[in-house]
Amino acid sequence: DSGVTQTPKHLITATGQRVTLRCSPRSGDLSVYWYQQSLDQGLQFLIQYYNGEERAKGNILERFSAQQFPDLHSELNLSSLELGDSALYFCASSVGHLTGELFFGEGSRLTVL
Amino acid sequence: EDKVVQSPLSLVVHEGDTVTLNCSYEVTNFRSLLWYKQEKKAPTFLFMLTSSGIEKKSGRLSSILDKKELSSILNITATQTGDSAIYLCAVLSSGNTPLVFGKGTRLSVIA
Chain L
1 DSGVTQTPKH
11 LITATGQRVT
21 LRCSPRSGDL
31 SVYWYQQSLD
41 QGLQFLIQYY
51 NGEERAKGNI
61 LERFSAQQFP
71 DLHSELNLSS
81 LELGDSALYF
91 CASSVGHLTG
101 ELFFGEGSRL
111 TVL
Chain A
1 EDKVVQSPLS
11 LVVHEGDTVT
21 LNCSYEVTNF
31 RSLLWYKQEK
41 KAPTFLFMLT
51 SSGIEKKSGR
61 LSSILDKKEL
71 SSILNITATQ
81 TGDSAIYLCA
91 VLSSGNTPLV
101 FGKGTRLSVI
111 A
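So the protein sequences, as listed, match chains L and A. Under the working numbering, residues 1 to 113 are what the first sequence spells out, in order. Under the working numbering, residues 1 to 111 are what the second sequence spells out, in order.
Extracted from the complex, chain A is given alone in its bound form (with noise of 0.2 Å):
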């Protein structure tokens, strides 16, 4: 069964601080990792990793996968409280399942 634990599950950090969350995953037939970002209510798309392309950035944020070890981490340089969110790690497999989500991590951001 294909398995995506991410860590820590939550984080408080102080704006301006750089934060880094992990991602783990364990699945058969790896095809891609995408990060989310879950504010109220609906995950947002933030990047998507795949053999091809293993580094993403935008602005503040980054992120690195690492096939040999089977993980990813998300980067966040000078953060600020809009920051304040849930992260979810998600992978796709070849196989007939669609993304499978690790439990996220609450990160909240105070001034």
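So that you can see chain L by itself, here it is in the shape it has in the complex (with noise of 0.2 Å):
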């Protein structure tokens, strides 16, 4: 157990529809990492945050966006979904900012039908 929280561990929904992941950091990480991962692409990279300001950004679609709550959780967002989307979702967390060594959650497997 690394002791990051990821909400739901699965979850389907149509085409166009919005969904909300959730993401509890270990305990005194201030970092939350989003990673997304799918069959082909493997483990693309789209957000972090650190104390809760954003400070890079990697491949995230405009359709996507995050945050970093006050108690360090995020959350991500993901709306107008379309059938690509489906992919399963890491968050990680890390003490620093751009560590190398990340733990991750158990993920959110998202199906869009």
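These are calculated hints, taken from the structure and not from any lab test. Idealized CB from N, CA, C, for every residue including glycine. Some hints could be false.
[Claimed, not checked] Restraint-style ranges between C-beta atoms, simulated for each label pair:
| no. | chain 1 | residue 1 | chain 2 | residue 2 | range |
| --- | --- | --- | --- | --- | --- |
| 1 | L | 63 | A | 15 | 41 to 49 Å |
| 2 | L | 51 | A | 31 | 15 to 23 Å |
| 3 | L | 69 | A | 68 | 39 to 47 Å |
Quick one: dock chain against chain with the hints and give me the complex.
And the structure:
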């Protein structure tokens, strides 16, 4: 158990809908990262927050947004969902900013029908 | 753009075999290279290699960083079925970019 908690574990929804994925980092970790993992693309970095502020942005679609709250938990919002958004979404946390050793949650598997 | 390439993409071996997984990278301002193991869900950290620590070993697993060739290998000796997993290589640069991952090598160890 990494100490990172993600909910929900599974989610099935329809195209055009909006979902919110939630992540609680390890106790004491200030950084939260979101990654998307699909079969053909591997782990793709989406966005990172450090102590409530956005610090790095990857290939995150405009339909996706995220935030980190004062209690350090984070939410990833995915809207106007398309079939291609079906993937495993991972949250990871670390103590510092842009450190190598990340602790990953179990992931949220999103299926868009 | 930082890039990490792993090979092979998949590998099937028998218990007791020794395997070598490869990772090559192209990044600006390299800081470190990391190996993760992903069994069912969450990737878990194995090793971190830097300019000051180019070789790491833990039990049957070992890894070496070749900074000249911009590559790394992960060796697993006396493989067991519990080693079956996806092995991910990732690189950290000194820019404002978190870990960049390769697509992984799926290792299957059969009895």
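Kindly indicate which numbered hints from before are broken by the structure, ordering the numbers from low to high. Per hint list: zero violations.
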